[in-house]
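Participant: Take a look at the letters that make up each chain.
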Amino acid sequence: MHPGILALLTGSIFTSLMILYAGWYGVRILRNWDLSSGSELQLFLEKDTYLVSTLLSYALAFELVSLFLFIFTADRLHLLFSGAMCAAGTLNANGFGYPLMILKLVNFLFAGTWLVINHADNQGYDYPLIKLKYTLLLPLMPLALLELSYMLAYFSGLHADIITSCCGSLFSMERPGIAGDLAALPGAPMRLAFYASMATTLLSGIFALFRGKGYCLFSAVSSLSFLVALASLISFICLYIYELPTHHCPFCILQKQYGYIGYPLYAALLGGALTGLGAGALAPFRNRGSMARVVPALQRRLTGTTVVLYAIFTLIASYKLVFSSFRLGMN
Amino acid sequence: MKRSLERHRNILDFALSSLSRRKGKNLSLLAVYSLIVFIIASIVFFTQALKREAGLVLQDAPDLVVQRMVAGRHDPIPVAYAEKISAIRGVSEVKPRFWGYYYDAVTGANFTLVACDDPPPAAESIFIGSGVARTCRLSEGDFLPLRDLNGAPALFSVQEILPAASELVAADLIQMRGDDFRRLFDFPRGRATDLAVGAANQNELKTIAAKIVREFPDTRPILKSEMLRTYDAVFDWRSGMVLVVLAVAVLSFIIFAWDKATGLSAEERKEIGILKSIGWETGDVLLLKTWEGVVISLSAYFSGVILGYLHVFFFSASLFEHALKGWSVLYPEFRLTPVIDPYLLCVLFLLTVGPYVVATVVPSWLAATVDPDAAMRS
Amino acid sequence: MIELSEVSKSFHVGKVNQCDAVQRVSCRVATGEVTILKGPSGSGKTTLLTLIGCMARPSSGRILLHGIAQGALPGLDSAGPLEITSLPERFLTGIRRNAFGFIFQQFNLVRGITVLENVMLPGYPTGESQLAVRARASELLELFNIARHSASQVDLLSGGEMQRVAIARALINNPEVIIADEPTAHLDSRLSREFMEIIATFKARGKTVLIASHDPVVFDSPLADQVIEMRDGAVISHGFRA
Numbered sequence: 001m002h003p004g005i006l007a008l009l010t011g012s013i014f015t016s017l018m019i020l021y022a023g024w025y026g027v028r029i030l031r032n033w034d035l036s037s038g039s040e041l042q043l044f045l046e047k048d049t050y051l052v053s054t055l056l057s058y059a060l061a062f063e064l065v066s067l068f069l070f071i072f073t074a075d076r077l078h079l080l081f082s083g084a085m086c087a088a089g090t091l092n093a094n095g096f097g098y099p100l101m102i103l104k105l106v107n108f109l110f111a112g113t114w115l116v117i118n119h120a121d122n123q124g125y126d127y128p129l130i131k132l133k134y135t136l137l138l139p140l141m142p143l144a145l146l147e148l149s150y151m152l153a154y155f156s157g158l159h160a161d162i163i164t165s166c167c168g169s170l171f172s173m174e175r176p177g178i179a180g181d182l183a184a185l186p187g188a189p190m191r192l193a194f195y196a197s198m199a200t201t202l203l204s205g206i207f208a209l210f211r212g213k214g215y216c217l218f219s220a221v222s223s224l225s226f227l228v229a230l231a232s233l234i235s236f237i238c239l240y241i242y243e244l245p246t247h248h249c250p251f252c253i254l255q256k257q258y259g260y261i262g263y264p265l266y267a268a269l270l271g272g273a274l275t276g277l278g279a280g281a282l283a284p285f286r287n288r289g290s291m292a293r294v295v296p297a298l299q300r301r302l303t304g305t306t307v308v309l310y311a312i313f314t315l316i317a318s319y320k321l322v323f324s325s326f327r328l329g330m331n
Numbered sequence: 332m333k334r335s336l337e338r339h340r341n342i343l344d345f346a347l348s349s350l351s352r353r354k355g356k357n358l359s360l361l362a363v364y365s366l367i368v369f370i371i372a373s374i375v376f377f378t379q380a381l382k383r384e385a386g387l388v389l390q391d392a393p394d395l396v397v398q399r400m401v402a403g404r405h406d407p408i409p410v411a412y413a414e415k416i417s418a419i420r421g422v423s424e425v426k427p428r429f430w431g432y433y434y435d436a437v438t439g440a441n442f443t444l445v446a447c448d449d450p451p452p453a454a455e456s457i458f459i460g461s462g463v464a465r466t467c468r469l470s471e472g473d474f475l476p477l478r479d480l481n482g483a484p485a486l487f488s489v490q491e492i493l494p495a496a497s498e499l500v501a502a503d504l505i506q507m508r509g510d511d512f513r514r515l516f517d518f519p520r521g522r523a524t525d526l527a528v529g530a531a532n533q534n535e536l537k538t539i540a541a542k543i544v545r546e547f548p549d550t551r552p553i554l555k556s557e558m559l560r561t562y563d564a565v566f567d568w569r570s571g572m573v574l575v576v577l578a579v580a581v582l583s584f585i586i587f588a589w590d591k592a593t594g595l596s597a598e599e600r601k602e603i604g605i606l607k608s609i610g611w612e613t614g615d616v617l618l619l620k621t622w623e624g625v626v627i628s629l630s631a632y633f634s635g636v637i638l639g640y641l642h643v644f645f646f647s648a649s650l651f652e653h654a655l656k657g658w659s660v661l662y663p664e665f666r667l668t669p670v671i672d673p674y675l676l677c678v679l680f681l682l683t684v685g686p687y688v689v690a691t692v693v694p695s696w697l698a699a700t701v702d703p704d705a706a707m708r709s
Numbered sequence: 710m711i712e713l714s715e716v717s718k719s720f721h722v723g724k725v726n727q728c729d730a731v732q733r734v735s736c737r738v739a740t741g742e743v744t745i746l747k748g749p750s751g752s753g754k755t756t757l758l759t760l761i762g763c764m765a766r767p768s769s770g771r772i773l774l775h776g777i778a779q780g781a782l783p784g785l786d787s788a789g790p791l792e793i794t795s796l797p798e799r800f801l802t803g804i805r806r807n808a809f810g811f812i813f814q815q816f817n818l819v820r821g822i823t824v825l826e827n828v829m830l831p832g833y834p835t836g837e838s839q840l841a842v843r844a845r846a847s848e849l850l851e852l853f854n855i856a857r858h859s860a861s862q863v864d865l866l867s868g869g870e871m872q873r874v875a876i877a878r879a880l881i882n883n884p885e886v887i888i889a890d891e892p893t894a895h896l897d898s899r900l901s902r903e904f905m906e907i908i909a910t911f912k913a914r915g916k917t918v919l920i921a922s923h924d925p926v927v928f929d930s931p932l933a934d935q936v937i938e939m940r941d942g943a944v945i946s947h948g949f950r951a
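Chains as they are written, first to last, in my numbering: chain A, 1 to 331; chain B, 332 to 709; chain C, 710 to 951.
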């Protein structure tokens with residue numbers, strides 16, 4: 001009954017409704033689209049494409065906001081659960097918390113990539129990607145419904161007397177499970193992996209920008225770097241922010257006492273992951289009809305954005321590594 | 332980029348002009364919308380402020396309170412337990428507390444009576460909270476007649492009225508000397524209402540509580556953190572209930588907004604037809620409608636939030652106190668500490684602007700897809 | 710030149726009230742010339758104008774633009790004729806905005822805003838700065854002698870003045886083709902002749918003009934280079950002035 005929960009549930013219901021509505025129109029478009037026809041149905045379908053774009057844009061915007069709002073609400077709710085000190089504990093209160101978060105992340109990236117493809121398609125005078133993009137829309141519908149049901153299950157399964165764990169024990173090295181494994185990753189090799197992946201992303205991005213090819217490779221590298229960066233956050237970057245060798249929690253960095261540094265970090269990382277995915281998603285269509293004029297420029301912009309955002313992430317993380325008064329012993 | 336910004340600016344200008352040309356419709360929408368935002372904002376601000384006050388108040392509460400339970404009900408605890416509890420490692424102090432409730436038949440109010448020894452009032456004198464003073468119409472020097480357990484009258488002189496700033500906690504409070512308290516309630520000797528336990532290290536409280544229960548199975552230790560959690564949960568539950576009831580109002584608003592948005596007058600339809608015939612694309616008209624929606628939502632949001640803020644922090648939420656403070660005769664009068672919480676503002680935004688956006692997406696699109704040749708034929 | 714080949718437009722296809730507004734029309738509108746579409750009400754003139762003017766898509770047939778709106782939009786080939794038959798609305802509108810100026814029968818001015826704002830309207834979505842658009846609009850109002858009404862509401866203008874505002878608006882984006890639908894329907898003969906004088910200036914500047922009218926002042930005017938007569942959606946005659 002917390003207002004944050006109500007806001008999230010309301011928003012999620014609306015987003016699912018919008019995605020379902022968009023999907024329904026998408027199916028209609030898929031079945032009947034014929035650009036060369038001047039029939040009334042075709043004209044209606046072209047009008048429908050505007051609706052689908054608008055609905056998806058709002059859905060994406062909400063997914064992004066709700067990702068942060070979800071973490072924030074989980075953080076606020078931690079008082080209700082004995083053992084929870086931050087969002088990590090709240091999310092662990094039942095089996096739906098972490099899967100829900102991952103699902104929200106997936107939906108955000110999916111919807112964002114779809115919008116990139118949609119934008120490219122709209123620039124072309126022959127709608128070359130129309131069938132592809134509406135086919136891609138179809139899996140987004142069950143994902144949206146799944147997210148809604150997980151959210152309902154998660155929040156209805158929250159009972160104040162549940163004893164859960166604090167992030168200190170969830171993300172501790174001794175605890176079995178992914179969180180523990182991530183926390184237990186050795187510091188020095190992780191640092192190497194982090195900087196290596198960022199450097200590779202930068203280099204492949206510059207190569208793609210100058211040579212006009214290699215975008216698929218770049219996209220794959222940037223996605224991998226996204227995962228490595230997330231793992232690095234938990235493994236060692238957070239330690240420098242918290243100045244504690246055992247505090248691996250990825251959520252506490254969103255709190256006031258750490259200067260809300262989590263926001264620029266996650267914004268840069270998520271933004272970069274999205275644009276990197278977009279650049280790769282467009283690669284197969286570079287030569288399809290009118291896309292030959294549209295896609296190269298768009299890919300360049302997306303690649304440039306990814307490089308810049310990842311650079312920002314790396315700079316912030318490195319700043320903390322260098323200037324924090326904490327020093328991790330080399331192991 | 333520059334072209335894009337100019338385009339947005341131009342279309343925003345036209346949106347503002349368009350809104351002002353249909354003042355009646357848009358003002359009525361804005362009024363209803365602002366009202367909804369105002370109500371939701373008031374509830375959310377009020378709950379959060381109360382939670383914050385409760386948190387601040389509980390800061391001074393004892394880390395751990397030990398009560399005795401007999402047959403599942405609260406019973407006075409032997410003061411002798413205090414010695415054994417102080418011996419537990421980590422306990423810094425144990426203080427017996429004497430307090431209870433007194434039902435006053437005359438006013439129908441429940442007072443909280445607390446034995447206070449630091450410093451104590453004079454014999455047969457009391458410190459009272461401003462709620463008590465108001466309800467019983469007492470000033471310093473007046474007398475408050477109470478009845479002891481046997482029905483015999485006990486007259487107490489009002490020595491001091493506690494400052495108004497403490498209203499939230501002390502509205503119904505009566506403080507008296509320890510022996511006056513024991514005499515009034517015929518309180519059993521060697522017993523206290525509960526024991527307040529302090530610990531040097533907060534992290535050890537759970538362990539201490541466990542040890543206390545092991546040593547004295549008839550006791551129930553209550554941690555401060557649990558009290559905070561309960562307050563939070565109750566406030567959230569209450570505000571949630573009200574918000575859910577409000578959902579009906581919000582739903583009506585959505586329908587209202589939808590109706591306003593779909594109800595394009597012939598004039599508006601013609602105008603859009605004209606725009607499209609002179610070179611505005613569907614995307615441009617959609618942007619126009621979006622900007623109109625943004626202007627209305629943001630205006631309603633900000634005015635509703637500001638009014639809600641003023642209502643809660645400067646008028647003490649007079650419209651809602653009954654639902655949120657609980658049923659009681661003694662309503663404290665107090666000023667809540669204003670607090671602006673970005674998280675709350677974001678939640679409010681989603682709860683109020685979100686439904687409006689969803690309600691107007693399809694009507695905006697319908698408006699934007701009006702055929703231009705309809706304008707040619709009109 | 711604008712070339713139409715077997716162009717048809719039908720509404721409510723397959724329903725009881727199906728209307729074949731334009732039936733298999735083929736014609737050419739030459740650049741720099743004045744073409745008149747003549748015919749009674751319901752003959753399909755207005756529909757044909759909307760098709761030529763990129764305001765609607767034909768149900769069948771082809772429409773090609775030769776040397777008009779070249780390079781107007783990125784993503785479109787500059788060389789060769791531009792076929793607009795199956796272009797998405799975005800592109801059609803872009804072409805219309807850049808290359809076509811419309812003067813409507815009812816003038817179709819937006820009530821509640823000033824004359825100047827009406828003239829500026831087509832410039833808003835182009836992303837040009839308001840200052841530049843405003844300057845051009847003021848110039849056009851000067852040119853047509855209605856600058857003194859810049860700040861007036863359109864409701865207060867006479868028929869002739871409204872028409873001149875409509876003409877100014879049609880010219881704001883400096884189009885290559887002017888399309889007018891029954892422009893003299895609400896004007897007396899003096900104002901009709903004044904309108905044709907304005908058309909003469911367009912022709913002198915090399916603009917292509919297409920007018921649908923059943924007013925003899927228009928279709929009998931010496932300015933007309935081609936007169937296309939329509940009835941029941943089909944072309945029944947083509948006439949060329951030597």
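I should point out that these hints are in silico values taken from the structure, not numbers from a laboratory.
The C-beta atom is built at its ideal place from N, Cα and C for all residues, glycine as well.
Some clues are possibly wrong.
With the Cβ distance kept under 8 Å, some of the chain B side facing chain A (calculated, not the full set) [said to hold, decoys possible]:
| id | residue |
| --- | --- |
| 1 | A527 |
| 2 | L559 |
| 3 | D563 |
| 4 | S570 |
| 5 | L641 |
| 6 | H642 |
| 7 | Y674 |
| 8 | L682 |
| 9 | V692 |
| 10 | P694 |
Participant: Regarding the hint that P694 (chain B) lies at the interface with chain A, is the smallest CB-CB distance below 8 Å?
Facilitator: 11 Å, violated
Participant: Restraint: L641 (chain B) near chain A, CB-CB cut 8 Å. Satisfied or not?
Facilitator: It is violated, given that the least Cβ distance between L641 (chain B) and chain A is near 19 Å, above 8 Å.
Participant: When the nearest CB of chain A is found for L682 (chain B), is that gap smaller than 8 Å?
Facilitator: 5 Å, holds
Participant: Does the nearest C-beta of chain A fall within a distance shorter than 8 Å of the C-beta of L559 (chain B)?
Facilitator: 6 Å, holds
Participant: A closest beta-carbon separation below 8 Å is what the hint needs, so does Y674 (chain B) meet it against chain A?
Facilitator: 5 Å, holds
Participant: For the hint on S570 (chain B), does the least C-beta distance to chain A fall short of 8 Å?
Facilitator: At about 6 Å, which falls below the 8 Å cut-off, the nearest Cβ of chain A leaves the hint on S570 (chain B) intact, so it holds.
Participant: When the nearest CB of chain A is found for D563 (chain B), is that gap smaller than 8 Å?
Facilitator: 5 Å, holds
Participant: Against chain A, run the beta carbon of A527 (chain B) and see if the smallest gap drops under 8 Å.
Facilitator: 21 Å, violated
Participant: Regarding the hint that H642 (chain B) lies at the interface with chain A, is the smallest CB-CB distance below 8 Å?
Facilitator: 17 Å, violated
Participant: Report holds or violated for the interface hint on V692 (chain B), using the least CB-CB distance to chain A and a cut-off of 8 Å.
Facilitator: This hint holds: V692 (chain B) lies near chain A, its Cβ roughly 6 Å from the closest one there, short of 8 Å.
Hints 1, 5, 6, 10 from the earlier list are contradicted by this structure; the remaining hints agree with it.
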